[in-house]
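S.K.: Going by our numbering, the residue at position 122 of the sequence shown is 122; the numbering climbs one at a time, nothing skipped.
Keep in mind the hints are simulated off the structure, nothing from the lab. Hints are supplied without guarantee of correctness; some may be wrong.
Claimed, not checked - 20 Å max Cα-Cα, derived SDA-like pairs, lysine to any residue:
#1 K251 / G238
#2 K571 / P527
#3 K261 / I393
#4 K129 / D60
#5 K371 / G337
#6 K605 / A475
Stated by the list, open to error - If you anchor each label on the Cβ, the simulated ranges turn out as follows:
#7 N285 / T474: 30 to 40 Å
#8 T474 / R123: 17 to 27 Å
#9 G146 / A480: 37 to 47 Å
#10 P302 / A480: 34 to 44 Å
#11 A480 / R123: 48 to 58 Å
#12 K261 / S552: 20 to 30 Å
Built from N, CA and C at the ideal position, the CB exists for glycine as well.
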Amino acid sequence: MDTLTNDLSGLNDSEAAQVCALLRARLIDTVSRTGGHLASSLGAVELIVAIHRVFDTGRDRLGFDVGHQCYAHKILTGRNDAMETLRTFGGIAGFPKPAESVCDAFVAGHASNSVSVAVGMARARTLQKQDYHVLALIGDGALSGGLAYEGLSDAGDSGEPLIVILNDNGMSITKSVGGVADHLARQRLKPQYLQFKKGYRKVMSVLPLGGHIYNVTHKIKTAVKETLLPCSLFEDMGFTYLGPVDGHDVKGLTRLLGYAKELKSPVLLHVRTVKGKGYPPAERNPDRFHGVGRFCVGNGEPVQPPKPNFSAVFGQTMCALAQQDERLVAITAAMQGGTGLDEFARRFPQRFFDVSIAEGHAVTMAAGMAKQGIRPVFAVYSSFLQRAYDMLIHDVALQQLHVVLAVDRAGLVGEDGETHHGVFDPAFLDTVPGMTVLCPSSFAELRSMLSYAVYQVNGPVAVRYPRGGEGTYTADSAPAPACILRRGSDITLAGYGSMIDPLLDCARRLERYGVQAEVVKLNCITPIASDILLESLRRTGRLLAAEDSAPSNSVGNRLAAAAARAGIPLKGLALADTGPGFVTHGTVQQLRHYCGLDGESLCRKALEVCGHGNG
Numbered sequence: 001m002d003t004l005t006n007d008l009s010g011l012n013d014s015e016a017a018q019v020c021a022l023l024r025a026r027l028i029d030t031v032s033r034t035g036g037h038l039a040s041s042l043g044a045v046e047l048i049v050a051i052h053r054v055f056d057t058g059r060d061r062l063g064f065d066v067g068h069q070c071y072a073h074k075i076l077t078g079r080n081d082a083m084e085t086l087r088t089f090g091g092i093a094g095f096p097k098p099a100e101s102v103c104d105a106f107v108a109g110h111a112s113n114s115v116s117v118a119v120g121m122a123r124a125r126t127l128q129k130q131d132y133h134v135l136a137l138i139g140d141g142a143l144s145g146g147l148a149y150e151g152l153s154d155a156g157d158s159g160e161p162l163i164v165i166l167n168d169n170g171m172s173i174t175k176s177v178g179g180v181a182d183h184l185a186r187q188r189l190k191p192q193y194l195q196f197k198k199g200y201r202k203v204m205s206v207l208p209l210g211g212h213i214y215n216v217t218h219k220i221k222t223a224v225k226e227t228l229l230p231c232s233l234f235e236d237m238g239f240t241y242l243g244p245v246d247g248h249d250v251k252g253l254t255r256l257l258g259y260a261k262e263l264k265s266p267v268l269l270h271v272r273t274v275k276g277k278g279y280p281p282a283e284r285n286p287d288r289f290h291g292v293g294r295f296c297v298g299n300g301e302p303v304q305p306p307k308p309n310f311s312a313v314f315g316q317t318m319c320a321l322a323q324q325d326e327r328l329v330a331i332t333a334a335m336q337g338g339t340g341l342d343e344f345a346r347r348f349p350q351r352f353f354d355v356s357i358a359e360g361h362a363v364t365m366a367a368g369m370a371k372q373g374i375r376p377v378f379a380v381y382s383s384f385l386q387r388a389y390d391m392l393i394h395d396v397a398l399q400q401l402h403v404v405l406a407v408d409r410a411g412l413v414g415e416d417g418e419t420h421h422g423v424f425d426p427a428f429l430d431t432v433p434g435m436t437v438l439c440p441s442s443f444a445e446l447r448s449m450l451s452y453a454v455y456q457v458n459g460p461v462a463v464r465y466p467r468g469g470e471g472t473y474t475a476d477s478a479p480a481p482a483c484i485l486r487r488g489s490d491i492t493l494a495g496y497g498s499m500i501d502p503l504l505d506c507a508r509r510l511e512r513y514g515v516q517a518e519v520v521k522l523n524c525i526t527p528i529a530s531d532i533l534l535e536s537l538r539r540t541g542r543l544l545a546a547e548d549s550a551p552s553n554s555v556g557n558r559l560a561a562a563a564a565r566a567g568i569p570l571k572g573l574a575l576a577d578t579g580p581g582f583v584t585h586g587t588v589q590q591l592r593h594y595c596g597l598d599g600e601s602l603c604r605k606a607l608e609v610c611g612h613g614n615g
């Protein structure tokens, strides 16, 4: 595997092809044991190798969009041996991370930002009078996000030398028109044509009437291209368009990247790839291998069969509700499978809307639907909902429209790490006027709370639930805003959602020390359900609030403030949360221990609150 860490600039085409084969084998072997984003990385192997043949990513800036395609890049930049630790606690991340390597230009985990980042870096280069190249690698899926077009518009207008590589692995951007277009596209990419084009520009720039002649011929050529080629959108923005080109031809990609490097202007290289390339199970089912757990290389089957999870229960409940109510619709932002809506989309195609990577649009569209009497449910990952904060306030809350948010991946999500933990939504949803936030801790509660949110709550409402399956708590305490799960007299343990299991574990551990803990479960955290908690605090006089979310505007802070307003003199108080900053990647169990949110850690903290020292 030493070949995979060598400088690729001196390789011939045959050697580069061999490196691609080695990379694919390495990726399949590694991800089969660690899990991760396989299909995207397999589809970008030749592209990554070509980039490393032409550019020095230690100096040149390569920005990934989302970063699902970055595994080959990690291997080629000194992290081959560390791939065994991919997405594991203390190991390397599954996304680009500058803290790992100078070759990772920018953190990437959410879609559609790469072009904007590239424009910023290119302008910084110009201002600082430095000399390096800037590239943005963006997939066709990420190009469905509005931010991508804001970046493209500014990049083309800026005139800054940069290269946008569009990795098109399935979604049609604009369609060609038959065989003539294919032939013309091939001619435009031949070395002879590219050399002629450079020479023609140079000659016309020095002839007395060269500028006029060039303008006339350029207009004629542009008219032909706009009729036959899928490039007018990008060229209208100010890019030199190259493509479409075979994304698995490492020789051709290397040549075109070299040409783009020489142009010293905004260039868009349109590359067509096959997601999952080189591994038949991933080619046949790229969606399943987009993000995959450990699997058997021989047949692609998972090592462990999938278990029931909150996303699947949400999808089942949506189907049951839709069967009874024709006004119910489901909305997703390119996460149909991830949010459990595959069956809904199959059974109710006219009431299913995938708006691509456009969370802001999804929220505003839902507002428009709600205004006209439809019952929209927008299923979205917590960390992706962050992009729609303005729309929640301006388009939903301002008119108190009944939009239901199904907030998936709430809390710590595990191996995807910093960019995907759903730890901020309790804070920002609480600031939206009229918002109701419900937090199921079990499958049964998710079913009850979703139905309650759709039919009994007025105005905007969010039902937030974790990634994965339920724990030992499987009861249904809804629709009560709060309830007492366990009686005690020494300390109140308060929490919601997936933190109920660690709190119950904590209470059992405290019994060994003679401490009787009362466990208060919050089903509704906005508006805060404080009455039951305040009654508990009057009995115990001590509070430990635990949540897998950020400390700013946390539920714990709000509970402590409620106690102060009620004039309850607490003898002890502790707030357990994910802490300041961002939480790394690892299993949820590891991260809970890391953050002090597992049963054992909470027990130690509770003992301190009760005056037992370190227990």
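S.K.: Please list, smallest to largest, the hint numbers that this structure does not respect.
M.R.: Hints 1, 2, 3, 5, 6, 8, 12 contradicted; others consistent.
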